[in-house]
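Trainee: Fit chain W to the supplied structure of chain Z, relying on the hints for placement.
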Amino acid sequence: MTQTIATDSPFGQQQRILLTTLAEWMIPAEDGLPSAADATILEEIIVALARQPEVTNAGLQRLDAIAKEQFRSPVPKVTSSERIELIAALRAEAPAFVTLFESTVAACYYRDDRVLHSLDLPARAPFPEGNNVRPTDWSLLDPVRQRAPFYRNV
Amino acid sequence: MPNDTVDVLIIGAGAAGAAVAWSLVDTKMRVVCLEQGEWVRQSDYPTNGRDWESRSDFSAVPNLRRRPEDYPVDDSDSPIKPVNFNGVGGSTILYMAHFPRFHPSDFRTRTLDGVGEDWPIRYQDLEPFFAENDRVMGVAGLPGDPGCPPKDGLLPPVALGVLGETVASGFNALGWHWWPSESAIATAPHNGRDKCLNLGPCATGCAQGAKASTDITYWPEAIRRGVELRTRCRVREITLDERGFARGAVYLDADGNEHEQKAHIVILACSGMGTPRLLLNSTSKRFPNGLANSSGLVGKNLMLHCMTLTSGIFDQPLRGWQGPIGCALWSKEFYETDAERGYARGYTFEIVRGMGPVATAQSALARGALPWGEKHHGAFRSMFDRSASIVAVGEDLAEECNRITLDHAHLDSDGMPGVRIEYRLGENSRRMLEHSGARATEVLEAAGAVTVAPTVTSGIASGHIMGTARMGNDPDRSVTNAWGRCHDVKNLFIADSSLFVTSGGVNPTSTLQALALYVSHQIKQRLDRLFD
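Residue numbers (the numbering used here), protein chains in the order written: chain Z, 1 to 154; chain W, 1 to 532.
For reference, chain Z alone in the conformation it holds in the complex (with noise of 0.2 Å):
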């Protein structure tokens, strides 16, 4: 059996468990919020880092080796405490999968519809709509307009 899915992804599927299993460490699901490990989010995140393959996939074949050499323990059954460790453990030695990771997770979660509503924000680009500013009451200003010119006039 393969490890690669039907598409032109360069995961298989245990980079793929790999990166489940640490989206969802990242940011757990919590009333009615979604994981990052939710199914649309995951896709997007995947999709995302297969733009640099070579650093993703250092990154979890680092992460994988510590599992096995401290904690004797696949990746997914660490326990939380140990997890702990996985996990600035892999900072210290794959700094640069890190950044990436954890950028992309959240431009992948803090962009998802159900987030945004939580958040009380429009689930919808910025253009063509806007946004709504309140306008400014100029009194504020009152104390400031007091002052005499005080630049250097030269």
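Honestly, the hints are just simulated from the structure, not real lab data.
The beta-carbon is built from N, C-alpha and C at its ideal position, and this holds for glycine as well.
Do not rely on the hints blindly, as some may be mistaken.
Claimed, not checked - Which residues of chain W face chain Z? A few of them, derived with a C-beta cut under 7 Å, are:
| hint | residue |
| --- | --- |
| 1 | K151 |
| 2 | G153 |
| 3 | N172 |
| 4 | A173 |
| 5 | G296 |
Said to hold, decoys possible - The calculated DSBU-like cross-link candidates involving lysine-lysine, where the alpha carbons are at most 35 Å apart (straight line), are:
| hint | chain 1 | residue 1 | chain 2 | residue 2 |
| --- | --- | --- | --- | --- |
| 6 | W | K151 | W | K375 |
| 7 | Z | K77 | W | K375 |
| 8 | W | K375 | W | K195 |
| 9 | W | K28 | W | K375 |
| 10 | W | K375 | W | K490 |
| 11 | Z | K68 | W | K28 |
Mentor: Below, chain W alone, put in the same frame as chain Z:
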């Protein structure tokens, strides 16, 4: 006959080149502008899509953007990271449109404060060109600021929103100056542009076209009146004739074909980074160290502004993701020199509105402030839409050791050297940074911030690239004369922020455009004796 000798050849179609082209159409001369980048379509800007916070193709960092027209910038030896955009409109495509003018004292720092050099011109010389530029660009603001010289013709000010009002209350509590920022944003319909919709992230381009980038301000009229603008034309070098006059420019088109465009007058408007790059790359027997570089100052005296970023977290929503991100209010409280502060010159405080959710999460993760796991959601909710930031833009005193050189190890897509930045903060800047961080913290606390993060002083991006071919009256101490003509080459002009003698403590676009119009005006006034 595209490559016949033309009257004027402008290189660069950004903030300065557009203003020069627009100004010179009065002369009826044949004007051609070569631009290494392309036109940008408003429909391509990130705010048209749901992924508006994640796109890198409109990043201001050229090494991330990596368009074919970009050139490599090695900024590893600089705590401030230069940013730009290469295309019609130049860096006005991605600037925040914060549009202060230099102050009168900025032109007289040697006389007033004993530091830097005096400019060969004064604020008053530029004043009519500031006003002309404001009319074309469309500038929002409120008359009556006691911290700045008077001006009129402003569009209605950009609304402060909850975030701006909150921070303003902090300034009021301390009795310190603040005023709504002058912003190159159409808050009402202006010259065919519709008004601002408060999209938020002006720094990735304005899909509405309310922000004044020169592709939609100066260029349409300049082209309509006869200027020829050629895009995807990367100039490699300025050529010389046997008299030592500029003959024209050798450039590569989009297909890599080499051409020479001859001209009677050549005007460089490639930015404080692109102009010295081109001059240094234009070597000859007469100018082995770079064109117009007998002073040795081409590329030197680089000024990027010393900056701090101080952020506070508040316990109520600030709606900071709404409205022009870089334009709310400014403070000139610490702009002018006060010897008791322990440094010369000063800085402007500028308030930055909050970020969207993706940028909030990414920046917090990058600094280790947003945990993984069950505490993630609570931590995110405590910071999103609750953050306000104060940026201090401080005057950067020119030093010859701060410079731009050619980077032959990193070439652009046409094989031309990239640039290397060598830059350090001077002692005066360090003291100013310390002062500004402490004062910004006071403002945020007075405004009700629950926590204020340590001030950030390094790694800040700056599109304020100045001073690398300064103007002056002494050919040994400057690259051009007082009206932008190179001392060494009498038909070669510079019209961008390379000319700056000092940096001021404000964003430079308004001043560099006024200066470009001033140089253009001087050329027009002297056409019968231009090369004397």
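Trainee: All hints, please: hold or fail.
Mentor: The hints, checked one at a time:
no. : hint             : in the structure
1   : K151             : 12 Å, violated
2   : G153             : 19 Å, violated
3   : N172             : 5 Å, holds
4   : A173             : 10 Å, violated
5   : G296             : 31 Å, violated
6   : W:K151 to W:K375 : 51 Å, violated
7   : Z:K77 to W:K375  : 21 Å, holds
8   : W:K375 to W:K195 : 42 Å, violated
9   : W:K28 to W:K375  : 67 Å, violated
10  : W:K375 to W:K490 : 66 Å, violated
11  : Z:K68 to W:K28   : 76 Å, violated
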